[in-house]
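Using the hints provided, position chain B relative to the given structure of chain A.
Residues per chain are reported as follows:
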Amino acid sequence: MNIETRTENRITIIRIQESRIDATKAPDLKSHLSALIEEGKTLIGIDMSQVNFIDSSGLGALVSGMKKIGRNGSMALWGLNRQVKSVFELTQLYKVFEIFENENDTVETLSRYVAS
Amino acid sequence: MTLSRHSQDMSQVKSATIKAQLDQVGPVSESMADAAVHSDDDQDLHFRINIALTEAITNSVIHGCANNGSDLIRVEYELQGENHVFHIFDPGKGPCPELLERPVLSEDPLAESHRGMVIMKWAADEMNYTRGNDCFCLSMLFRSRRTAGAE
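First to last, the protein sequences are chains A and B. Residue numbers for the first sequence follow my numbering, so the first one is 1 and each next one is one higher. Residue numbers for the second sequence follow my numbering, so the first one is 1001 and each next one is one higher.
Since the hints were derived computationally from the structure, they do not count as laboratory data. The reader is advised that the hints may include incorrect statements.
Unchecked claim - Computed list of lysine-lysine pairs in DSSO-like fashion (alpha-carbon distance at most 30 Å, straight line):
| id | chain 1 | residue 1 | chain 2 | residue 2 |
| --- | --- | --- | --- | --- |
| 1 | A | Lys-30 | B | Lys-1019 |
| 2 | B | Lys-1121 | A | Lys-30 |
| 3 | A | Lys-95 | A | Lys-68 |
| 4 | A | Lys-67 | B | Lys-1121 |
| 5 | B | Lys-1121 | A | Lys-95 |
| 6 | A | Lys-95 | A | Lys-30 |
| 7 | A | Lys-85 | A | Lys-95 |
| 8 | B | Lys-1121 | A | Lys-85 |
| 9 | A | Lys-85 | A | Lys-67 |
Here chain A stands alone, though its shape is the one from the complex (with noise of 0.2 Å):
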C-alpha cells in the first residue's frame, strides 16, 4: 500500500496515496498505523483526497488505530469526497473521528493537543 508519512511538531501526517481502500490494502493500513502509535505517534492526521473507495475493511483498520491511541491523543481527516464521507455517516463514523476540509485545518486542531 502506498503510503506517504512525515511527522512534524508531533503531528504525524499520514497521505494515503491509494484510490480504494478495501480487504486487500486494508490489513496494511492498519499495520502502518499500528506501528506509528507503539512508536507513540497519536496524534494523526490522514490526507484522504486520493481515495475515491473505501469498504467496512478500510473503516475496520481506521477503527483499530482510533482505538489503539484511545485517550492517549487524535485521529483526524481530510480530504473526504462525497461518496465516502457518505459512508463515514452511514457508519456512524463522522461521531469517531474529526473529519475536515483541508490539512490546515485538521493541523490546527491536533495542534491543541500537543498544547495541552
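Chain B in isolation, oriented as in the chain A frame:
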C-alpha cells in the same frame, strides 16, 4: 418485490466466475459496476453498486468460502428494465436471515458490528437471497434513479 431470478424480462448482460481470493474482489466489483453504469453523470449509482458488490463478494470469500482460495464465486449481472440486478453465488450457507434483513450498528460506533451489511443494505434498493443445498445466492437490485428520501 421485483427482484427475482429467471424472470422473463431479464437478459443476462455479464457474468464472471472468480476464485475465492480477496484480490479478485475489487476488479470484479469495479468491472460489474462499469458494465451497469456507462455515464459519468451517475457516479453515485456506480459507487453504490461497487461498494455493495465489494462487501457481498468479500463476505463470500471470507465466510461463504472460508478463505479457501480454490472455491469459486459466481457473479451475474442482469438488466431488468431500468433496474440493475446482481446475483452472487458462493458455496456457503449465507448469513443468518436477521442479519441480512435488519443489520444494525452497535450504539458504540467503535464496536465491530456489521458495518458491511449496513453498507450493503443502504447501497442496494432491494436485497434477497436463496439458499440451495450446496450454495447461497445473494441478489441485489439497484434502481437507476432513487426516489427522494430513499437514501
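Now the hints, each set against the structure:
1. Lys-30/A / Lys-1019/B: Holds, at roughly 25 Å.
2. Lys-1121/B / Lys-30/A: 26 Å, holds
3. Lys-95/A / Lys-68/A: OK: Lys-95/A and Lys-68/A at ~17 Å, within 30 Å.
4. Lys-67/A / Lys-1121/B: Since the Cα atoms of Lys-67/A and Lys-1121/B sit roughly 26 Å apart, the hinted pair holds (cutoff 30 Å).
5. Lys-1121/B / Lys-95/A: This hinted pair holds, its Cα atoms lying about 21 Å apart.
6. Lys-95/A / Lys-30/A: OK: Lys-95/A and Lys-30/A at ~20 Å, within 30 Å.
7. Lys-85/A / Lys-95/A: Roughly 12 Å between the alpha carbons, so the hint for Lys-85/A and Lys-95/A holds.
8. Lys-1121/B / Lys-85/A: 17 Å, holds
9. Lys-85/A / Lys-67/A: Satisfied, since the Cα-Cα distance of roughly 20 Å is no more than 30 Å.
In this structure, every one of the numbered hints holds.
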